[in-house]
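Participant: Here are the chains, one letter per residue:
Protein chains: 2
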Amino acid sequence: MENDTYPKIPANTINRYKHQATYDADFIHSVVNNTSVLHVSFVPDPSTALPIVLPMIGQLGLYLGNETIDEGAPSVYLHGYVSSRLMRLADEAVKRGEEGLPLCVAATKVDGFVLSLTPNSHNYNYRSAVLQGYATIVEDVGEKLWAMQLVTNSVVPDRYDNTRVPPDNAEMQSTRILKMKIKTASGKVREGVPEDERKDTKREDILDTVWTGVIPVYEKFGDPVPGPYNRVKKIPDHIGDFVKEQNKAREEYCTAATKKPAPLKRKKAGEDL
Amino acid sequence: MENDTYPKIPANTINRYKHQATYDADFIHSVVNNTSVLHVSFVPDPSTALPIVLPMIGQLGLYLGNETIDEGAPSVYLHGYVSSRLMRLADEAVKRGEEGLPLCVAATKVDGFVLSLTPNSHNYNYRSAVLQGYATIVEDVGEKLWAMQLVTNSVVPDRYDNTRVPPDNAEMQSTRILKMKIKTASGKVREGVPEDERKDTKREDILDTVWTGVIPVYEKFGDPVPGPYNRVKKIPDHIGDFVKEQNKAREEYCTAATKKPAPLKRKKAGEDL
Numbered sequence: 001m002e003n004d005t006y007p008k009i010p011a012n013t014i015n016r017y018k019h020q021a022t023y024d025a026d027f028i029h030s031v032v033n034n035t036s037v038l039h040v041s042f043v044p045d046p047s048t049a050l051p052i053v054l055p056m057i058g059q060l061g062l063y064l065g066n067e068t069i070d071e072g073a074p075s076v077y078l079h080g081y082v083s084s085r086l087m088r089l090a091d092e093a094v095k096r097g098e099e100g101l102p103l104c105v106a107a108t109k110v111d112g113f114v115l116s117l118t119p120n121s122h123n124y125n126y127r128s129a130v131l132q133g134y135a136t137i138v139e140d141v142g143e144k145l146w147a148m149q150l151v152t153n154s155v156v157p158d159r160y161d162n163t164r165v166p167p168d169n170a171e172m173q174s175t176r177i178l179k180m181k182i183k184t185a186s187g188k189v190r191e192g193v194p195e196d197e198r199k200d201t202k203r204e205d206i207l208d209t210v211w212t213g214v215i216p217v218y219e220k221f222g223d224p225v226p227g228p229y230n231r232v233k234k235i236p237d238h239i240g241d242f243v244k245e246q247n248k249a250r251e252e253y254c255t256a257a258t259k260k261p262a263p264l265k266r267k268k269a270g271e272d273l
Numbered sequence: 001m002e003n004d005t006y007p008k009i010p011a012n013t014i015n016r017y018k019h020q021a022t023y024d025a026d027f028i029h030s031v032v033n034n035t036s037v038l039h040v041s042f043v044p045d046p047s048t049a050l051p052i053v054l055p056m057i058g059q060l061g062l063y064l065g066n067e068t069i070d071e072g073a074p075s076v077y078l079h080g081y082v083s084s085r086l087m088r089l090a091d092e093a094v095k096r097g098e099e100g101l102p103l104c105v106a107a108t109k110v111d112g113f114v115l116s117l118t119p120n121s122h123n124y125n126y127r128s129a130v131l132q133g134y135a136t137i138v139e140d141v142g143e144k145l146w147a148m149q150l151v152t153n154s155v156v157p158d159r160y161d162n163t164r165v166p167p168d169n170a171e172m173q174s175t176r177i178l179k180m181k182i183k184t185a186s187g188k189v190r191e192g193v194p195e196d197e198r199k200d201t202k203r204e205d206i207l208d209t210v211w212t213g214v215i216p217v218y219e220k221f222g223d224p225v226p227g228p229y230n231r232v233k234k235i236p237d238h239i240g241d242f243v244k245e246q247n248k249a250r251e252e253y254c255t256a257a258t259k260k261p262a263p264l265k266r267k268k269a270g271e272d273l
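Residue numbers (full-length UniProt numbering), protein chains in the order written: chain A, 1 to 273; chain B, 1 to 273.
Only chain A is shown next, with the shape it has when bound in the complex (with noise of 0.2 Å):
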């Protein structure tokens, strides 16, 4: 990485929309860690080149907790269900010499339907980052203690200090996380107003018939629900704020959005992105 943004090689570059394409590393980090679903894809028989995809949660982080470890370029850390076949298929790429297992995280992020004249120019507000890489299991003790509570706190900020932690003996055994080693990344954001052809909007009868605009869309989050065991009266701070500070920020966004100039109109005004 350099300047802060991802290389542009063969394997990233983005050919279609390329006015929506970005290699801006704070945007894709920040797409990879605000998704609260990642899709992580590799190929568990690569004599039939046919790729699985799995949901899983993760994020991105620079471990600096140990002194043999310095890779200056943050990594992406994998939590959930790390099957087993995912576990054999690392440890056997790294048997064979290789880096890892080829490995590619996909983030996204729905911010609004896009609704124009014509099914055609009907679209999405939406950001999305594609990282590639390599794969290994993480075995260091205090990276993998690391990564486990950079993961539990992606999904609610403070967390892992607000439960019963350390992990004993077991919970280390049966945890297992996944580190990526990004060598591509690209992202892609569109936002802004629908946007027509001029053979359509220059049509009296259709835009006086068909209703342009866009839905914003946004994962809201409800009011926490106490379990059965729970014995805590008050919803704590670090969850209360969380979800109130969460759905005003994502409502905002993706409510700025459905106003901003169309893509195309900014880029022929020479705006970047």
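A few of these clues could be false.
No copy labels: a pair is met if it fits in one copy or bridges any two.
As the list claims (entries may be wrong) - No more than 16 Å apart at the CA atoms, straight line, and that leaves these computed lysine to aspartate or glutamate pairs for EDC-like:
#, residue 1, residue 2
1, K248, E219
2, K248, D223
3, K234, E197
4, K234, D208
5, K181, E98
The hints are simulated quantities; they were obtained by calculation from the structure and are not laboratory data.
With the hints as your guide, set chain B onto chain A.
Facilitator: Okay, now just chain B, sitting in the frame of chain A:
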């Protein structure tokens, strides 16, 4: 597909958290058809086994409009950023005499954050589906037109007929629909209250200090925002009703999911999912 379940073969058999797995076709189809963005994975260069994942809009459907096509089972129709690379790979696979490009389609709906006593027992309420198959480009004009309608109406029901249609020749040429014939499919679901281990639920000090419960999560639609060249004053029913009904149904689903018995408890009681 037999008896409305997908066959359980090594490629799709879920070995971890088996009690949350399903091969029920209705469940799998419902997750795919109700997820606003699908994650589609393929291998651009088979010599690397490094997959890429693209966010796309898609829908399961069975095309009956052409007597020469009688497949008996639905396929996944995908639209959106069908890149020229993806097109080329699908064409090349067919030219080599293969069924199509090996593809994996994943759909995930997050329904809640399950906050338990320890980080290890934290979980999501969710529904997910993963489908594998072989993809080709839809060439048949009738099927293509039908699929464009299917995909447009999957975003907002009845939208297609409320826009300027049919697509003109240029639009038919530039629109590309990818069709995946399904070979394997599986689904997973988690719903219910938190579930901790006995070693923690018997500890008074932990029960007295750690809040446990579920934060409901759903994809919410905001009030539709008219675009700059919209002239239709009233938001049409096909949009307004959809927004209202979906928000109600989605909030109800994820809220109900927060209160259901925990999966392992139900499994021990011999209940099916």
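Participant: Would you mind marking each hint as holding or not holding in the structure?
Facilitator: Going through the hints against the structure:
{"no.": "1", "hint": "K248 with E219", "result": "both (11 Å within a copy, 14 Å between copies)"}
{"no.": "2", "hint": "K248 with D223", "result": "both (14 Å within a copy, 15 Å between copies)"}
{"no.": "3", "hint": "K234 with E197", "result": "neither (54 Å within a copy, 23 Å between copies)"}
{"no.": "4", "hint": "K234 with D208", "result": "between (53 Å within a copy, 12 Å between copies)"}
{"no.": "5", "hint": "K181 with E98", "result": "within (13 Å within a copy, 33 Å between copies)"}
The earlier numbered hint that this structure contradicts is number 3, and it is the only one.
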